[in-house]
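In the UniProt record's numbering, the protein residues as written are 1 to 97.
Since the hints were derived computationally from the structure, they do not count as laboratory data.
Computed from a predicted model, the values in this text were never measured in an experiment.
For every residue, glycine included, the Cβ atom is placed at its ideal position computed from N, Cα and C.
Please note that a few of the clues may not be correct.
[As the list claims (entries may be wrong)] For each label pair, taking beta carbons as the anchor points, the in silico distance ranges come out as:
id: 1; residue 1: R74; residue 2: T41; range: 18 to 26 Å
id: 2; residue 1: V64; residue 2: G13; range: 31 to 39 Å
id: 3; residue 1: E24; residue 2: P96; range: 31 to 39 Å
id: 4; residue 1: D94; residue 2: D16; range: 17 to 25 Å
id: 5; residue 1: L7; residue 2: S37; range: 30 to 38 Å
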Amino acid sequence: MVLEVALIDVLPGHEDAFAAAYREAHAIVSAAEGCRSVRMTRGVETPTRFVLLIEWDSVEAHDVNFRQTEAFGRWRALIGPHFAGPPVVEHFVDVPA
Numbered sequence: 001m002v003l004e005v006a007l008i009d010v011l012p013g014h015e016d017a018f019a020a021a022y023r024e025a026h027a028i029v030s031a032a033e034g035c036r037s038v039r040m041t042r043g044v045e046t047p048t049r050f051v052l053l054i055e056w057d058s059v060e061a062h063d064v065n066f067r068q069t070e071a072f073g074r075w076r077a078l079i080g081p082h083f084a085g086p087p088v089v090e091h092f093v094d095v096p097a
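From just these sequences and the hints, can you work out the full model?
Next comes the structure, spelled out in structure tokens:
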């Protein structure tokens, strides 16, 4: 399992519209093959900053099963207009205790 972490800054004044677009777009990404869970958080100190957390079966599940499909285009069309700049996206794996 890998965790996709996307740091998303939205345009000032677009916070509520972005959150509404995410609520609509959530079903698109959550239906992708290999997607285990999807969660969006919002900054307290910086309310224009959101963090998207998606658990995938693998990096390939994210890149191939979602990003290379028309579903990604629909997802991006909903949330993208609110971006202040390109999101910063990285993948992480758990560190054993």
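Cross-check of the supplied hints:
1. R74 - T41: 18 to 26 Å: holds (23 Å)
2. V64 - G13: 31 to 39 Å: Taking Cβ atoms as reference, V64 and G13 lie about 36 Å apart, which means the hint holds.
3. E24 - P96: 31 to 39 Å: holds (37 Å)
4. D94 - D16: 17 to 25 Å: Violated: the Cβ-Cβ distance is about 34 Å, outside 17 to 25 Å.
5. L7 - S37: 30 to 38 Å: violated (18 Å)
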